[in-house]
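Trainee: Since the structure of chain A is already known, use the hints to place chains B and C on it.
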Amino acid sequence: MRSVFIPVQWGRDVEIGQYFLPGSLKEALEFLAEQEGKAKVIAGGTDIIPGLRKKDKKGRVETLVDITRIPKLNFIREEQNRIVLGCLVTHAMASNSELLMGKAAILADGARSVGSPQIRNIATVAGNLVSGQPAGDTSIPLVALDAVVTIASSEGYREVPLTEFFVDIGQTAVDPRKEILTQISFRPLGPGCGGSLLRLGKRKAMALPMLVCAITVKVNRNRDRILEATIALGPVGPTPFRARSIEDFLKNAVINSSTIAEAAEGVAALCSPRDSLLRGSCEYRQEMAKVFVRRGISQALEQVRATIS
Amino acid sequence: MKMFCLSFKLNGKSVQLSVQPAKLLVDLLREDLRLTGTKIGCREGECGACTVLVDGQPVNSCLIPAVKVHGREVLTIEGLEREDGVLDIIQESFISEGAIQCGFCTGGMILNAKALLDRRQEPDESEIRHALSGVLCRCTGYRKIIQAVKTASRIRKEGRGNKG
Amino acid sequence: MQVLTKEKVKLASLNKLQVGPYSLVGQSLKRTDARLKVTGKLKYGADYVLKGYLHGKILRSPYPHALIKNISTGKAKQVAGVAAVLVAEDLPGRNSFGAIVADQPVICSSRVRFVGDGVALVAAETEELANRAISLIDVDYEPLPAVFDPREAIKPGAPFIHEKGNLIEHCKLRKGDVEKGFSEADVIIERTYTTPYVEHVYMEPDIIMAVPLANGGMLIEGPMQAPFYVRDNVAAVLGVPINLIRVKSVQMGGGFGGKDDSPIDLGCRAAVLAAHTGRPVYISLEREEVTLQTSKRHPSIMELKIGAMADGRLVSFQGTLYNEEGAYSALGPAGGVNRHSMIMAAGPYDIPNCKVDAYLCHTNHPTGGAMRGFGAPQVCFAHESLIDELALDLGISPFDIRMRNAFKIGSKTATGQILDQSVGLIDTLKACGEAFEWDRRYGEGGALDNKGTRRRGVGIGVGYYRTSTGSKRDGCGANVYVLADGSALLYSGITEMGQGSFTVLPQICAEELGISVDDIRLVQPDTDLVPEAGPTVASRSTTLMGNAIILACRPIRESIMTMAAEMLCVPVERLKAENGVIYELDNPMNSVPFREVTAKCFAEGKRLIGQGWWTPPSPSFDAETGQGNPYFVYSYSTQMAEVAVDMETGEVEVTDYVAAFDIGKAINPNAVEGQIEGGIAMGLGYALMEEVAFKDGYIQNLSLQDLLIPSILDVPNVRALIVETRNRYGPFGAKGVGEMPNIPTAPAILNAITNACGGRIRSLPADPEKVYWAIRKARESTSTIR
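Chains as they are written, first to last, in the working numbering: chain A, 741 to 1049; chain B, 2 to 165; chain C, 5 to 790.
Fair warning: there could be bad hints in the mix.
To be verified - For lysine-lysine, the following DSS-like pairs were computed, each having C-alpha atoms within a straight-line distance of at most 27 Å:
1) A:K766 with A:K812
2) B:K151 with C:K604
3) A:K958 with A:K944
4) A:K812 with B:K10
5) C:K176 with C:K412
6) A:K812 with A:K944
7) B:K10 with C:K45
8) C:K610 with A:K944
9) A:K766 with B:K3
10) C:K781 with A:K944
11) C:K476 with C:K176
12) C:K455 with A:K958
13) C:K580 with C:K604
14) C:K55 with B:K3
15) A:K1030 with C:K774
16) B:K3 with A:K918
17) C:K47 with B:K14
18) C:K781 with A:K1030
19) A:K918 with A:K766
20) C:K34 with C:K184
21) C:K45 with B:K14
22) C:K699 with A:K944
23) C:K580 with B:K10
24) B:K3 with A:K780
25) C:K455 with C:K476
26) A:K944 with A:K843
27) C:K455 with A:K843
28) C:K455 with C:K774
29) C:K455 with C:K781
30) C:K184 with C:K416
31) A:K944 with B:K151
32) A:K918 with A:K780
33) A:K812 with A:K843
34) A:K944 with C:K774
35) A:K766 with A:K780
36) B:K158 with C:K34
37) A:K1030 with C:K455
38) C:K34 with B:K151
39) A:K778 with B:K3
No lab work stands behind these hints, which were simulated from the structure alone.
All figures in this text were calculated on a predicted structure; none of them were measured in a lab.
With the rest of the complex left out, here is chain A:
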């Protein structure tokens, strides 16, 4: 019987044909169009480069288009009641941003959990989105924040809300051979709003999450009802998960422990992550989803109390 397994060989060398450093977005997009799918966008590179070491056909890339030299793409600013991040904002920048720590702490916190300090210095928040993983430390908070991304190609720009962004594991609305995600925007968490981010890992640094849960709440003036909430979780499926029906349940809900517990049970019932040898069994992760949603809602509410003076 012939061998049907192709043993993966690891090498030290990566295969890249050409490396292009465009000076402007226009230059980058035109070049991508010219290359007709044979070039790929790279920003920080922390996902792409290790992937190129594996010696299978997918490993080879003709040309990399490095967008990190394009000016004016690493901004974090507030405009027209939205916070906007340029696509070259690194996780280090995001975790140190006073604006984010004040008005979108869950994103700053998420950015702080990614990889290691070295990784955070070069990996971009946009890149984390484009990698299309179901449990990105910044993508889950961005999903909870109802973020919208702007995608540019040589044909123009389009806006895609994150609810429509994730297609499958490793696949998003962005085609890195033609398109560049240029910015991310979302409404800040203002007065009356709070957020929480919880993470479960097997060790305290450089650990892929077993579960990440981001929650935002908005409460009424009396602070006895949740006006609206968002709950985002991963990895509980191939893409980040929004617990829509539970969010509906929480609209105008009275704040008490049984509401919170019911919400938590509800979310757990909606999740069916597969059994994973490395990330935990389905049953455990469902239980943890319950714990995280319960703790997360309470912590988000506490954050509201902290911001309302």
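Mentor: What follows is chains B and C alone, placed relative to chain A:
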């Protein structure tokens, strides 16, 4: 395959050379430039042994195409020692505290510590731990490494005080 | 009064000259290689410029168990720049290697036994060409049923992995009468504990270089702990006499036992490629390849039964150990991990009746080799957990039950060995208990911390560990040459992997000669230059090589002190050599520099060279009963952990840790602390996060992304306490320390988890999910959380 004309500053000196696009920074340093102080432990950014400073920021050189440092300043562990052989305070502290066993993670630890102490004068233990959280050590249990950074921080502070 | 045998006289006199205080021994001298390491100048294996070397690669089996029906290398050989494609028929000598038992094929000829087994070897001008050649080799496999559980593997009907079957060895230990003991016991408990494969995860991946020599021999260079094992294996594999092989050990970026045998594997393979092509060849492994094919810690299934009296006195211990060897023997049988784990299984306790059966079983997994502790961490986890469970049933505190039964002078071990010297276990218990404030904290066990979601708990682990391999051939040789100007050369085959041998051994030599460590150059371990030293394993280096160095210095001291006596007109007994000066004890002004004395010795043809050979007192061991004196001395440790357990998620944080060690004498206290702090971190990883995860024989976590070891945020500041009870056979009273630290760590932490949350975990690692289910189970049962 198109070669790239790379020009950058390495340990204070200008370097120009022609590189293949596929050349990673760690391999450029170790093979082309014969600076083997930067180590390779995993080639996927998980161990931190390949840390170098680019414009003062620690990065994993195993993940960076060499082209990315065009126009930038790179510091490797070899660049810490002064021309006359006098060691950096952090290096001395690692020696005096016994913070080195097999030495493979030492470069990564020292450079991450330098980046920390350059931006933060007296970090507390939690800040030190977080700053070094991207370098794995299998030998020391980390305790003497943390102690060495504390010692270096104290000596640097006292040194600064003396100048004033 | 004890009658001294000739051997004992020789050993006792070794220490006659050693009267403290010492000038260097006991000092935390800076490491001799520290400066090279902090400046990035020390060359590790991968730092050498290898111009003209061929790049070697291994084609590995994609099946856990299969027959090789056909292998065709024609297409691969045709690639320009490919210098060799070798299959089993191309091998010149013995087609097998191994540290103790050589049963792993250099190249598999008819059958593969684990995913990663070597099927062909390639050497090419570049890595890319080597990979291309590898991909062009066509292999026809016929998959065979595989077995992955050691207990299943030795049942009738299990598929045979080797012709002789899957039970490699059954070691027996019989002391007293366990059934009688159990019949007298007031309480008996039975439990099963399991431990997984774990990886060394040394930060430096393996690399080996092989250079053919003009005389038909071979030079092998690279990071390795056992240059002599490599030499002997390469000689057999090439079919040449041992004296044609030269092996040089390069300083390692960590070893932990893994580089005891992986260099044998890679060295033999690089050697055959080099011999075939006539060109130098290097094989360097990517991290994933290190995980895939190198040896690991043996997994173990341990079925234990213990009986005790109501007052806590242990009367009977029974253990059945299923040690999983994996596909090849490596370091399991013939005095290896299997026998050692059996010897250690009952723990450092005086138990009159013991029965242990240790079964070493093949499976279609990678091999179990040497890893820090060599079988002891597995059984210590088991017996320390068992003792705690027993204490709970008896209503006795974990500390008291250990105090009551712990080894002391005069105790008889499970092998019937009477411990007549250097037993500091109870000292470590007391020292640790006091420093850790055990009584107070144990009383508070289970308390909720101020976060409201976590409970704190404390736990103890005690252990003991041998110094030396216990093999009859265990010996160390050293050469010392003092030169005319007073500088010295030290030839020792003990290797440096970060533990500090390159500092401690010159420290001992310098103490003996009365000079400074800086005056000694330790020559890189090179089998052409250094005497037989054995491997750098089993915590034997300081003790055995230290003694050999002391013996080597003897004739040199004699020459020098005699000459100095002449020069100073003082009898030899009234002289002392220290810090490069020889002076009269009662009149220090009457002195002469060391180098003047050596110059005169040299000029007058006095002997300034010495060779020392030291072997431990002969071990004894009965194969049927396991009774005898397997090792000549033991080190001891008590460790105490405090943990905080998140009761809802199962996450565990080790918040405090104190550990006390009896290691005879700390030659270099800073280096000893380093071993302790690092070993405990390794034990913490074993307890909470380390595991090589398999599915149907395939490793799921080959890379460091999922093969976890503790990061800086996971390890608390460990407080280390050193207790010194002199070992009469050790240099300056020392005994081994390298492995002792990571042995009682896992049970200390797991016992603390139980104290915190009531849940008991009996398989490592205690990752959050396991702890979570244990908490649930504890809640649902009638046992209360203290």
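Trainee: So, for every hint listed, does it hold in this structure?
Mentor: Here is what the structure says about each hint:
1. A hinted pair counts as satisfied when its Cα atoms are at most 27 Å apart, and K766 (chain A) with K812 (chain A) qualifies at roughly 13 Å.
2. Distance restraint check for K151 (chain B) and K604 (chain C): the Cα-Cα separation of roughly 49 Å exceeds the 27 Å cut-off, and the hinted pair is therefore not satisfied.
3. Straight-line distance between C-alpha atoms of K958 (chain A) and K944 (chain A) comes to about 31 Å, which puts the hinted pair past the 27 Å bound.
4. For the given pair, K812 (chain A) sits about 24 Å from K10 (chain B) by alpha-carbon distance, which is consistent with the 27 Å threshold.
5. Of the pairs offered as hints, the one joining K176 (chain C) and K412 (chain C) holds, with about 25 Å between alpha carbons and a cut-off of 27 Å not exceeded.
6. For a cut-off of 27 Å, the pair hint linking K812 (chain A) to K944 (chain A) is broken: about 34 Å separates their Cα positions.
7. Under the criterion of a C-alpha separation no larger than 27 Å, the hint pairing K10 (chain B) with K45 (chain C) is consistent with the structure, at around 20 Å.
8. Proximity of K610 (chain C) to K944 (chain A) is assessed by CA-CA distance (about 62 Å); at most 27 Å being required, the pair is judged violated.
9. Of the pairs offered as hints, the one joining K766 (chain A) and K3 (chain B) holds, with about 22 Å between alpha carbons and a cut-off of 27 Å not exceeded.
10. Our distance criterion of 27 Å between C-alpha atoms is met by K781 (chain C) and K944 (chain A), whose separation comes to about 26 Å.
11. Between the alpha carbons of K476 (chain C) and K176 (chain C) the distance comes to roughly 19 Å, so the proposed pair stays at or under 27 Å and holds.
12. For the hint pairing K455 (chain C) with K958 (chain A), the CA-to-CA distance comes to about 25 Å; that is within 27 Å, so the pair holds.
13. Restraint check for K580 (chain C) and K604 (chain C): satisfied, since their Cα atoms lie roughly 18 Å apart, inside the 27 Å limit.
14. For the proposed pair K55 (chain C) and K3 (chain B), the alpha carbon gap of about 25 Å is at most 27 Å, so the pair holds.
15. Distance hint between K1030 (chain A) and K774 (chain C) is fulfilled; the C-alpha atoms sit about 17 Å from each other, no more than 27 Å.
16. Restraint check for K3 (chain B) and K918 (chain A): satisfied, since their Cα atoms lie roughly 21 Å apart, inside the 27 Å limit.
17. Of the pairs offered as hints, the one joining K47 (chain C) and K14 (chain B) holds, with about 23 Å between alpha carbons and a cut-off of 27 Å not exceeded.
18. This hinted pair checks out: K781 (chain C) and K1030 (chain A) have alpha carbons roughly 18 Å apart, not beyond 27 Å.
19. Distance restraint check for K918 (chain A) and K766 (chain A): the Cα-Cα separation of roughly 12 Å lies within the 27 Å cut-off, and the hinted pair is therefore satisfied.
20. For the given pair, K34 (chain C) sits about 56 Å from K184 (chain C) by alpha-carbon distance, which is inconsistent with the 27 Å threshold.
21. A C-alpha spacing of about 19 Å is found between K45 (chain C) and K14 (chain B), which places the hinted pair at or below 27 Å, so the restraint holds.
22. Restraint check for K699 (chain C) and K944 (chain A): the C-alpha separation of about 26 Å stays at or below 27 Å, so the hint holds.
23. Among the hinted pairs, K580 (chain C) with K10 (chain B) is inconsistent with the structure: their alpha-carbon atoms are about 56 Å apart, more than 27 Å.
24. Of the supplied pair hints, the one linking K3 (chain B) and K780 (chain A) holds, its CA atoms being roughly 16 Å apart against a limit of 27 Å.
25. With a CA separation close to 57 Å, the supplied pair K455 (chain C) and K476 (chain C) exceeds the 27 Å bound.
26. The straight-line distance between the Cα atoms of K944 (chain A) and K843 (chain A) is roughly 26 Å, inside the 27 Å bound, and the hint therefore holds.
27. Of the pairs offered as hints, the one joining K455 (chain C) and K843 (chain A) holds, with about 25 Å between alpha carbons and a cut-off of 27 Å not exceeded.
28. For the hint pairing K455 (chain C) with K774 (chain C), the CA-to-CA distance comes to about 22 Å; that is within 27 Å, so the pair holds.
29. With a C-alpha separation of about 23 Å, the suggested pair K455 (chain C) and K781 (chain C) falls inside the 27 Å cut-off, and the hint holds.
30. With a C-alpha separation of about 18 Å, the suggested pairing of K184 (chain C) with K416 (chain C) holds against the 27 Å cut-off.
31. About 22 Å separates the Cα atoms of K944 (chain A) and K151 (chain B), which keeps this hinted pair within 27 Å; it holds.
32. Under the criterion of a C-alpha separation no larger than 27 Å, the hint pairing K918 (chain A) with K780 (chain A) is consistent with the structure, at around 8 Å.
33. For the proposed pair K812 (chain A) and K843 (chain A), the alpha carbon gap of about 22 Å is at most 27 Å, so the pair holds.
34. Under the criterion of a C-alpha separation no larger than 27 Å, the hint pairing K944 (chain A) with K774 (chain C) is consistent with the structure, at around 17 Å.
35. A hinted pair counts as satisfied when its Cα atoms are at most 27 Å apart, and K766 (chain A) with K780 (chain A) qualifies at roughly 15 Å.
36. Using a Cα cut-off of 27 Å, the hinted pair K158 (chain B) and K34 (chain C) holds, with the two alpha carbons roughly 24 Å apart.
37. As the CA atoms of K1030 (chain A) and K455 (chain C) are separated by approximately 19 Å, the hinted pair is consistent with the 27 Å bound.
38. For the suggested pair K34 (chain C) and K151 (chain B), the alpha carbons sit about 18 Å apart, so the restraint of at most 27 Å is met.
39. This hinted pair checks out: K778 (chain A) and K3 (chain B) have alpha carbons roughly 15 Å apart, not beyond 27 Å.
Hint check: violations occur at hints 2, 3, 6, 8, 20, 23 and 25; the rest are consistent with the structure.
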